[in-house]
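**Student:** Listed here are the chains, written in short residue letters.
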Amino acid sequence: MSERIYDLPGAVGCLIAIGIGAAALWFSADFSDLGAVFPRTIGALLVLLGVLYLLLVLLGRTSRPAPLGGSHLRRAGVAIVMLGWAFLLKPLGFLGSSALAFVALLMLANHYRWTARTGLVYGAAGAVLLGGFYALFKLVLLVPLP
Amino acid sequence: MTVRLSRSLVAAALLAAAPMLAHAADYPEKTVSYIIPFGPGGESDISARLQEPVFKKLTGQSLAIQYKPGAGGAASWAQLNSMTGDGYTVMGTNLPHIVLQPLQKDVGYQTDDINTVYWFHYTPDALMVTSDSPHKTLKDFVEAAKKASGATTMSGSGTNSANHLAQQQFDKLAGIKTTYVPFGGTGPSNTALLGKQVSGSWGYTTVQMQLGDQVRCLAVAMEKRHPKLPDCPTFKEQGFDLVGGAYRGVGVPKSTPADVQAKLAEVLARINADPDFIRKMEEGGFAMLDVGPAKMAKFMADVKARYEALAKEMGISKK
Amino acid sequence: MGSFEYLLAALTPVNLLFALAGVVAGTVIGALPGLTATMAVAVLVPFTFSLEPSSALIALGAIYTGAIYGGAYAAILLNTPGTPSSIATTFDGYPMARAGRGDLALTLACLASVFGGLVGAVFLLLLAPPMATVALKFGPVEYFWLAVFGLTLISSLGEGSAIKGLMGGCMGLLLSMVGVAEVGGDVRYVGDAKALLGGIDIVSALIGLYCMPVLIDLVATSVAHLHAAEKVAGFRLREAGEILRRSKFNLARSSIIGTVVGILPGAGGSIAALVAYSEAKRSAPPGAQYGKGEPGGVLATEAANNATVGGGFIPTLVLGIPGTPPDAIILGALLVQGIRTGPTLFTQQGPIVYTFIWGLILATLIMLPIGLLIGRFAFRSIVAIPKAVLVPGVAMLTVLGSFSVHNNPHEVQQMAVLGVAAWGLAQVGFTASPIVLGLILGSIAESGYVQGHLIGGARGNVLAEFFARPISIGIMALILLGLLWPLWAKRRARTAGAGLE
Numbered sequence: 001m002s003e004r005i006y007d008l009p010g011a012v013g014c015l016i017a018i019g020i021g022a023a024a025l026w027f028s029a030d031f032s033d034l035g036a037v038f039p040r041t042i043g044a045l046l047v048l049l050g051v052l053y054l055l056l057v058l059l060g061r062t063s064r065p066a067p068l069g070g071s072h073l074r075r076a077g078v079a080i081v082m083l084g085w086a087f088l089l090k091p092l093g094f095l096g097s098s099a100l101a102f103v104a105l106l107m108l109a110n111h112y113r114w115t116a117r118t119g120l121v122y123g124a125a126g127a128v129l130l131g132g133f134y135a136l137f138k139l140v141l142l143v144p145l146p
Numbered sequence: 001m002t003v004r005l006s007r008s009l010v011a012a013a014l015l016a017a018a019p020m021l022a023h024a025a026d027y028p029e030k031t032v033s034y035i036i037p038f039g040p041g042g043e044s045d046i047s048a049r050l051q052e053p054v055f056k057k058l059t060g061q062s063l064a065i066q067y068k069p070g071a072g073g074a075a076s077w078a079q080l081n082s083m084t085g086d087g088y089t090v091m092g093t094n095l096p097h098i099v100l101q102p103l104q105k106d107v108g109y110q111t112d113d114i115n116t117v118y119w120f121h122y123t124p125d126a127l128m129v130t131s132d133s134p135h136k137t138l139k140d141f142v143e144a145a146k147k148a149s150g151a152t153t154m155s156g157s158g159t160n161s162a163n164h165l166a167q168q169q170f171d172k173l174a175g176i177k178t179t180y181v182p183f184g185g186t187g188p189s190n191t192a193l194l195g196k197q198v199s200g201s202w203g204y205t206t207v208q209m210q211l212g213d214q215v216r217c218l219a220v221a222m223e224k225r226h227p228k229l230p231d232c233p234t235f236k237e238q239g240f241d242l243v244g245g246a247y248r249g250v251g252v253p254k255s256t257p258a259d260v261q262a263k264l265a266e267v268l269a270r271i272n273a274d275p276d277f278i279r280k281m282e283e284g285g286f287a288m289l290d291v292g293p294a295k296m297a298k299f300m301a302d303v304k305a306r307y308e309a310l311a312k313e314m315g316i317s318k319k
Numbered sequence: 001m002g003s004f005e006y007l008l009a010a011l012t013p014v015n016l017l018f019a020l021a022g023v024v025a026g027t028v029i030g031a032l033p034g035l036t037a038t039m040a041v042a043v044l045v046p047f048t049f050s051l052e053p054s055s056a057l058i059a060l061g062a063i064y065t066g067a068i069y070g071g072a073y074a075a076i077l078l079n080t081p082g083t084p085s086s087i088a089t090t091f092d093g094y095p096m097a098r099a100g101r102g103d104l105a106l107t108l109a110c111l112a113s114v115f116g117g118l119v120g121a122v123f124l125l126l127l128a129p130p131m132a133t134v135a136l137k138f139g140p141v142e143y144f145w146l147a148v149f150g151l152t153l154i155s156s157l158g159e160g161s162a163i164k165g166l167m168g169g170c171m172g173l174l175l176s177m178v179g180v181a182e183v184g185g186d187v188r189y190v191g192d193a194k195a196l197l198g199g200i201d202i203v204s205a206l207i208g209l210y211c212m213p214v215l216i217d218l219v220a221t222s223v224a225h226l227h228a229a230e231k232v233a234g235f236r237l238r239e240a241g242e243i244l245r246r247s248k249f250n251l252a253r254s255s256i257i258g259t260v261v262g263i264l265p266g267a268g269g270s271i272a273a274l275v276a277y278s279e280a281k282r283s284a285p286p287g288a289q290y291g292k293g294e295p296g297g298v299l300a301t302e303a304a305n306n307a308t309v310g311g312g313f314i315p316t317l318v319l320g321i322p323g324t325p326p327d328a329i330i331l332g333a334l335l336v337q338g339i340r341t342g343p344t345l346f347t348q349q350g351p352i353v354y355t356f357i358w359g360l361i362l363a364t365l366i367m368l369p370i371g372l373l374i375g376r377f378a379f380r381s382i383v384a385i386p387k388a389v390l391v392p393g394v395a396m397l398t399v400l401g402s403f404s405v406h407n408n409p410h411e412v413q414q415m416a417v418l419g420v421a422a423w424g425l426a427q428v429g430f431t432a433s434p435i436v437l438g439l440i441l442g443s444i445a446e447s448g449y450v451q452g453h454l455i456g457g458a459r460g461n462v463l464a465e466f467f468a469r470p471i472s473i474g475i476m477a478l479i480l481l482g483l484l485w486p487l488w489a490k491r492r493a494r495t496a497g498a499g500l501e
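Listed in order, the protein sequences are those of chains A, B and C.
1 is the number of the first residue of the first sequence in this note's numbering; add one for each residue after it.
1 is the number of the first residue of the second sequence in this note's numbering; add one for each residue after it.
1 is the number of the first residue of the third sequence in this note's numbering; add one for each residue after it.
Hints in this document: simulated from the structure, not taken from any laboratory.
The structure displayed is predicted, hence computed values, not measured ones.
For glycine and all other residues, C-beta sits at the position ideal for the given N, C-alpha and C.
Wrong hints could be hidden among the right ones.
[What the hints assert, rightly or not] Partial pick of chain A residues on the chain C-facing surface, computed with a CB cut under 7 Å:
(1) Ala17
(2) Ala29
(3) Ser32
(4) Leu49
(5) Phe87
(6) Leu88
(7) Gly119
(8) Tyr122
From just these sequences and the hints, can you work out the full model?
**Tutor:** This is the structure in structure tokens:
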């Protein structure tokens, strides 16, 4: 091996993995015997693998993933909108929460300038999608949307 | 309180009650959502599907069956009382589950939270072996189990379920020790039996009917033999006092008005009296039962006492 | 042969209509992420009660096979498996789409699905009773080893380090333990969140883990999601035909793997596709780009998952034990119609069964033109829709899909939380597939292990139970092969490279 590449993101991942494994072991304290076998085995395995990979990282025998381009702000926006949507589904009902989320995502996803035309077209498309899916799920598939 | 205030209070109360009263008279006026707390294909599903066409025939409205499995039913029962109590959301309820589950751990509901309107059938426990098993009668089975304590394996659906209870009760009655191997449902339990992974299986009469000639029924937990299983003796005949199984009913959220509940019970009772329905249920191995609002309180009290005693013996009342 | 009169019975206009309608409905439902084949069948079952038993079966079978095929659309175009059985289709399908070969991938998926479906149906027609006995030979211990096998496969597929793949798999396994334990009844890793009592739902996790990261990354740039390479009219059939001819062996092997896995109750399309993919990768000529857009990958997975349809009916009809979840629903529907499955079904109700099987074969054939048409429509739409509308539209599908599985808003929350977490995990090198596969295989592995332990304990010899059973030994051999092969292949490549210098 000529070049040493240090996979730092991977190392962070390992720490997370080790944390999860340890937590799994910790919380399995009051499981019955039969119910504890798997959690403890897998938890221990996870910790082991995490440590193993960390060693590889320290030795430099790993590869780095490509760096991310693009707007991180928009990414965070999507994450927040989706979480909000999921948790507001019941309180605001499907139509309410979806309309809000749809508009928010439209704005996050559009990189081009907003003109009256695109605004109208996208808005109309949104209304059609929203109404169409609502009808499909609620009336045809009999899914009781909130 | 002034007279004026109290009069308007009465008026308000009447106004509020009026729609409910009107409701009960015409109930059901639209599709009723029937939630099954288990996955499709099980006994709860099949009996619900058999009820559906009769419901439609009697009321003109449909029953929309939905599946919400999770935690052996607990996930749905824990949410029952937070659902709309207008009579258009009903849920399948099961015994022994709703008594045993809260006893064992915190599952998000108490037995008394589950308001069952009607218990309409039960599936009696049945002890089965494969048709080529050396055990031809229950006596053979018990003798073999006595000789090799713990070596006899019995498959069943679920831990602390009706099947498990039956195994524990019978082991005590017969003075034997068998090993219960829980599976994730009737399907896997049957596969294990047919594949001879286990010596025998604790199931229900419905399973016996479904598997037909591939299995031999050694005994059923009924007072008298099942009309469609004439060759299968009861436990009682053979000297063991074991009668019971899994009971299934229909429940509603507690907030459902009393008259809507009464109307629902009435519809269910009429479905239970439909000769075609009875025939199909019995052909499937189900045993009919009629416990409506009138008998409900005593039935639940009896059942609770029985299961609680069993649970204590089995050591599953750890809370 | 008497069979042909059943073929004629299946060819009635009514039955053909049901086959057609079933395939279309099934494909569309399967394509929408979150709506699984199981759901498609469950929703449409009540409509079949008023039908003749054989027509009802044909309709349900058509829906089922259409849905399993339809799952490939979202898998290829959105990197989100439309149904769990198309998880493995994302491995090469999505990279192909990103490289501008999405329409080719869709065509290949259609052709492979039809081929696999036919193989499964033919096994059902000719070999059902003997194959059913194979199903019975698999006990809890075999399922355990099979699940372990699946898990070792996960590590060999990851793009990136095998160790990270295994770690992802372990995380998925831990996720599968959330909720009430099937064996033993413990309540695990739930804490105060009653919503988690039912465990983590696989479909919601699927949507979240696969689709959310895609959506999150889509908004970051203005680059279009997918593009079509050159002006290509038609279905690229000639190209697809070429590829098919080269991959005859792959197709045949994958279809057989799918049929056999489908016969095992509890093992469905997702596992079949995974095993078929892994085998295809293993026996591929050097230079094959598995994981980066190799057509053979799509062929293998789609042939295998549609083969599970026919295969799954074998234990269902012969033994009365459902081979896959949709089969459980179909069994229930049959019971309501008064049809008892089991060994007597083929003899006493022969006409119904054989008419149904021919109907299934016809439905699978119908899927060819229909699938190609719908596929082209889907591809054109996804390519043409501007990102601004695509992102919210797909997001809406994810919400609807994860809700509809059990009409449970908590599962939408699971989807969103897992999804955001998945994006984070992807940044540190953990991809979605190992986690999802761990989640799916977790319960199989655990119940197999515990049940095997109980049975072995009862028989007095736990070790023999796990290590001395013939089928288990065979599976263990496969596991060792799977673990050692990549190392051996790497060494072979290195020495070959050294030899060239």
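**Student:** Each hint should be assessed against the structure and marked as holding or not.
**Tutor:** Cross-check of the supplied hints:
no.: 1; hint: Ala17; result: 5 Å, holds
no.: 2; hint: Ala29; result: 11 Å, violated
no.: 3; hint: Ser32; result: 5 Å, holds
no.: 4; hint: Leu49; result: 5 Å, holds
no.: 5; hint: Phe87; result: 6 Å, holds
no.: 6; hint: Leu88; result: 10 Å, violated
no.: 7; hint: Gly119; result: 10 Å, violated
no.: 8; hint: Tyr122; result: 6 Å, holds
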